[in-house]
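Q: Going line by line, the protein sequences match chains H and Y.
Using this note's numbering, read the first sequence as starting at 4 and increasing by one per residue.
Using this note's numbering, read the second sequence as starting at 152 and increasing by one per residue.
Source of the hints: derived by calculation from the structure; they are not laboratory data.
Heads up, a few of these hints could be off.
Dumping the calculated EDC-like pairs for lysine to aspartate or glutamate here, alpha-carbon to alpha-carbon at most 20 angstroms [claimed, not checked]:
1) 585(Y) x 509(Y)
2) 322(H) x 316(Y)
3) 316(H) x 300(H)
4) 355(Y) x 98(H)
5) 261(H) x 150(H)
6) 322(H) x 334(H)
One-sided and incomplete, this derived list gives chain H residues near chain Y with beta-carbon spacing under 10 angstroms [said to hold, decoys possible]:
7) 46
8) 52
9) 97
10) 124
11) 181
12) 280
13) 304
A short list of chain H residues far from chain Y (calculated; beta carbon distances all over 12 angstroms) [to be verified]:
14) 148
15) 150
16) 163
17) 190
18) 251
19) 265
20) 294
21) 327
22) 329
23) 332
24) 373
Nothing here was measured: the structure is a model prediction, and the numbers come from that model.
The C-beta atom is built at its ideal place from N, Cα and C for all residues, glycine as well.
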Amino acid sequence: MTMRALSRLAFGLSALAAATFALAAPAVRDLPGGPGVNQIDLHDPVSPIAVDQLWLHNYMMVICVLIFCGVFGVMFYSILRHRRSRGARAANFHESTTVEIIWTIVPFIIIILMALPATRVVVAMKDTSAADVTVKATGYQWKWGYDYLNGEGAGIGFLSTLDVAQREMSDTGRPQGDDYLLRVDNPLVVPVDKKVRIITTANDVIHAWGVPALGVKQDAIPGFVRDAWFRASKPGDYYGQCYELCGKEHAFMPIHVKVLSQQDYTAWASGKLKELAAKADDPSKVWELPALIARGEQVYVANCQVCHQPNGKGGGAVKPLDASPTVLDADKLKQIHVVLNGQNNGAMPAWKQLSDTEIAAVVTFTKNHWSNATGQIVQPSEVAAARK
Amino acid sequence: MSAVIGHGGTVDTLGHGPGHEEHHGAPHGWRRWVWATNHKDIGTMYLLFSFTMFLVGGTLAMLIRTELFHPGLQFFNPQLFNQFVTMHGLIMIFGAIMPAFVGFANWMVPLMIGAPDMAFARMNNLSFWLLIPAALMLVGSFFMPGGAPAGGWTLYAPLSMQMPESMDAAIFAIHILGASSIMGSINIIVTILNMRAPGMSLMKMPLFCWTWLITAYLLIAVMPVLAGAITMTLTDRHFGTTFFNPAGGGDPVMYQHIFWFFGHPEVYIMILPAFGIISAIIPAFARKRLFGYTSMVYATASIAILSFLVWAHHMFTTGMPVTGQLFFMYATMLIAIPTGVKVFNWVATMWRGSMTFETPMLWAVGFIFVFTIGGFTGLILAMAPIDIQLQDTYYVVAHFHYVLVAGSLFAMFGGVYYWGPKWTGVMYRESAGKFHFWTSMVFFNVAFFPQHFLGLAGMPRRYADYPLQFTDFNMVSSIGAWGFGLSQVYFLFAVVIPMLRGRGAPAPQRPWDGAEGLEWEVPSPAPFHTFETPPQLNAAGTRIIGPAASHPGPVGGAAAHA
Chain H
4 MTMRALSRLA FGLSALAAAT FALAAPAVRD LPGGPGVNQI DLHDPVSPIA
54 VDQLWLHNYM MVICVLIFCG VFGVMFYSIL RHRRSRGARA ANFHESTTVE
104 IIWTIVPFII IILMALPATR VVVAMKDTSA ADVTVKATGY QWKWGYDYLN
154 GEGAGIGFLS TLDVAQREMS DTGRPQGDDY LLRVDNPLVV PVDKKVRIIT
204 TANDVIHAWG VPALGVKQDA IPGFVRDAWF RASKPGDYYG QCYELCGKEH
254 AFMPIHVKVL SQQDYTAWAS GKLKELAAKA DDPSKVWELP ALIARGEQVY
304 VANCQVCHQP NGKGGGAVKP LDASPTVLDA DKLKQIHVVL NGQNNGAMPA
354 WKQLSDTEIA AVVTFTKNHW SNATGQIVQP SEVAAARK
Chain Y
152 MSAVIGHGGT VDTLGHGPGH EEHHGAPHGW RRWVWATNHK DIGTMYLLFS
202 FTMFLVGGTL AMLIRTELFH PGLQFFNPQL FNQFVTMHGL IMIFGAIMPA
252 FVGFANWMVP LMIGAPDMAF ARMNNLSFWL LIPAALMLVG SFFMPGGAPA
302 GGWTLYAPLS MQMPESMDAA IFAIHILGAS SIMGSINIIV TILNMRAPGM
352 SLMKMPLFCW TWLITAYLLI AVMPVLAGAI TMTLTDRHFG TTFFNPAGGG
402 DPVMYQHIFW FFGHPEVYIM ILPAFGIISA IIPAFARKRL FGYTSMVYAT
452 ASIAILSFLV WAHHMFTTGM PVTGQLFFMY ATMLIAIPTG VKVFNWVATM
502 WRGSMTFETP MLWAVGFIFV FTIGGFTGLI LAMAPIDIQL QDTYYVVAHF
552 HYVLVAGSLF AMFGGVYYWG PKWTGVMYRE SAGKFHFWTS MVFFNVAFFP
602 QHFLGLAGMP RRYADYPLQF TDFNMVSSIG AWGFGLSQVY FLFAVVIPML
652 RGRGAPAPQR PWDGAEGLEW EVPSPAPFHT FETPPQLNAA GTRIIGPAAS
702 HPGPVGGAAA HA
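Next up, chain H with everything else stripped away, as it sits in the complex (with noise of 0.2 angstroms):
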């Protein structure tokens, strides 16, 4: 009976690996900086706290493999000699207080040995002062927020956003690519060899910000601001994810750095502070409707539209926007002060980090888009004017 169930499971195993990766398996790629294919080790290591990362984690996997295959090596051989089966009669000790001093203090012995190397680590990760370059990093569900505040480069601020064509192949089931999920639209851009902080803090609920191979995780905790630094050592692409449950999206909001050459850094750190300058919206521009609804849907893709859905109906817990009272409320305030607040204890989370013309711009848009056509214009004024 067992052996015919064995060997019926076993081939019903078969047939569905089989049927597994005929359907299946994507082509993909190492991605570099990245996860490797059936990578099964730490990150290849970019950074000298990565570096140590790594070595700690080998010295510790010879360690417990010694005792592993010790331990169990006497089971083992206790488990094949000592058996009734062979004849073995069982002995009577049962105490021995020399013995058990002995496994209590070799253990202790071999602790503190794990712990020296670990105690210099921790030591070096948590020193994050000198660092050449500053940038706080925001978590908001569901995107990271970068804000480079000392260093070459202060003032430059933007948001980094999965691109939008992988949450739409993550929902119809079929991804590609070898930096699928891990492609954003703006990456945080740092130079090579250079101390970088990173100071984590968040918009609503709490985010980790971590990148494998530059040895790098800090959680990002609403209201309090943490910090964490690498120092890469080579230029490249390095990504990683967001590593604590911050909700629905969670899955959707990964890291990636690009470490560029001294030079490199300092040409995209100009250019990007000349076109921040260039384009920063007036905020008393005084808007037309068709060009408020064209900018306005741009925020929408970019923020509104994985909750609400592209038709505006939203779905489960998230409000439909299309015929919603709030959105058709001759008082348009109504609708301001649920994005820039929030509603529902965060189910609707606040807006605030927008500016004021975005805002402007994406409520003017669902005021007049799919079923509401209320005609209604607000300008980046009024909500100057709600802010207050």
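Chain H is fixed; fit chain Y onto it per the hints.
A: For chain Y alone, coordinates are given in the frame of chain H:
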């Protein structure tokens, strides 16, 4: 899982002399269960309840692995996926593992120490029946508006503020489950401290009683802490407090400190009784006394004390000062010592024994082997710099399933096969037990071993979708998980149901020739009442001697039955 159906009948017709029935016979019908005060009946109900919850939580696990079989979202939206993840954790921990151990304690502690019943029989009834509404509320939260809580079983603030109304139901359910656990613990402590048979000194007690005694103190110490954390969550949600809301001067990380001050001892609450079961099985099948009994007791106590000093190792990435990280790293690594002592003692017990490998022994040896792997990964995770890489990745998932599934669950399976004949009066089929063991063991490792690789490569946990490089290991893991799930369905039909129906060869009073302890001094199935007058014990406290043993009631009748 006692001879639920046959039990009353068996005892009345065979176990008892006629003069006894009016006040000793088992009550009949629904009253027997609803008004139950008998430790064996309540133990049975606990075990059946927890097995049911195990199947519910297992079904959720199957759904999780089904979504993760292939990258991309095929079946569930991420919100529903998060609900599955959260409820799988809550149901398995609070619904399956913890009540199952209380079930074991109810059945075995009085039998092992020669007590007639638990100290507080009616409180025992209450602590079981509280589980039912709590479980209904937990499982029912899926059908509430907005679905079940989806913030992870740890219910971290401030994400817990965003959860729908079901979060409040879950908080209430956890409160009730906590109250039930505290009552169970008080009962176990009082029973063990006050109701041991004469001659059963503390240091002669079976280790299972010791581990449960210590576990019960842990429970009493930490369940109120959890209650505090979730009550603060509740008042933050509804009554305008801001314990965890920085906008009002609160601190989200404080929630984690409070939660893990409960959460880490909780880990040992779920493993110490398992150590006790293993310490009963290994000597029985090695036919040799447990090596280092005294050091086993001290090791258990050391683990329990240390468990209060290590909580923040769950929080290395929250960003604590360097001294904090070092303290929690060192304290955590220290736990490896008493845990290692336990493993060494088990191996020394097996050394030069006369071993046979019936199903309970297979589970026990499997436990030692796989649990130790989980112990090593725990040591690796304790190293703060490595933990920075592995925190919240699949490595952690693999680690705690190695200690909770291969640890707690495997030990309980061992216990079911070991004591099942005593509970039900029938032997399981050895081939069925072995098949269950080997399929579970193989599929468990197929499911969880590749998750170490996924974690090292950086795949975060609680993700409904993942980069394509992680595909193959996820597929392997899902196949293993389905196999493991099917093995448990096999266990239900091939072992549990036959046991419940009393099908199988009648169990002798001593099914295991090497087993020692008072539970083997009563017939199989254990009569409805045992040790109504204190038995007289031999010097080792493992046998009943002398005339006091042959009380004309259950024990005497039992002898006739055997």
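Q: Now look at each hint and say whether the structure bears it out.
A: Checked hints:
{"no.": "1", "hint": "585(Y) x 509(Y)", "in the structure": "8 angstroms, holds"}
{"no.": "2", "hint": "322(H) x 316(Y)", "in the structure": "16 angstroms, holds"}
{"no.": "3", "hint": "316(H) x 300(H)", "in the structure": "16 angstroms, holds"}
{"no.": "4", "hint": "355(Y) x 98(H)", "in the structure": "14 angstroms, holds"}
{"no.": "5", "hint": "261(H) x 150(H)", "in the structure": "15 angstroms, holds"}
{"no.": "6", "hint": "322(H) x 334(H)", "in the structure": "19 angstroms, holds"}
{"no.": "7", "hint": "46", "in the structure": "6 angstroms, holds"}
{"no.": "8", "hint": "52", "in the structure": "7 angstroms, holds"}
{"no.": "9", "hint": "97", "in the structure": "4 angstroms, holds"}
{"no.": "10", "hint": "124", "in the structure": "4 angstroms, holds"}
{"no.": "11", "hint": "181", "in the structure": "7 angstroms, holds"}
{"no.": "12", "hint": "280", "in the structure": "33 angstroms, violated"}
{"no.": "13", "hint": "304", "in the structure": "19 angstroms, violated"}
{"no.": "14", "hint": "148", "in the structure": "17 angstroms, holds"}
{"no.": "15", "hint": "150", "in the structure": "18 angstroms, holds"}
{"no.": "16", "hint": "163", "in the structure": "17 angstroms, holds"}
{"no.": "17", "hint": "190", "in the structure": "16 angstroms, holds"}
{"no.": "18", "hint": "251", "in the structure": "4 angstroms, violated"}
{"no.": "19", "hint": "265", "in the structure": "27 angstroms, holds"}
{"no.": "20", "hint": "294", "in the structure": "35 angstroms, holds"}
{"no.": "21", "hint": "327", "in the structure": "18 angstroms, holds"}
{"no.": "22", "hint": "329", "in the structure": "19 angstroms, holds"}
{"no.": "23", "hint": "332", "in the structure": "24 angstroms, holds"}
{"no.": "24", "hint": "373", "in the structure": "22 angstroms, holds"}
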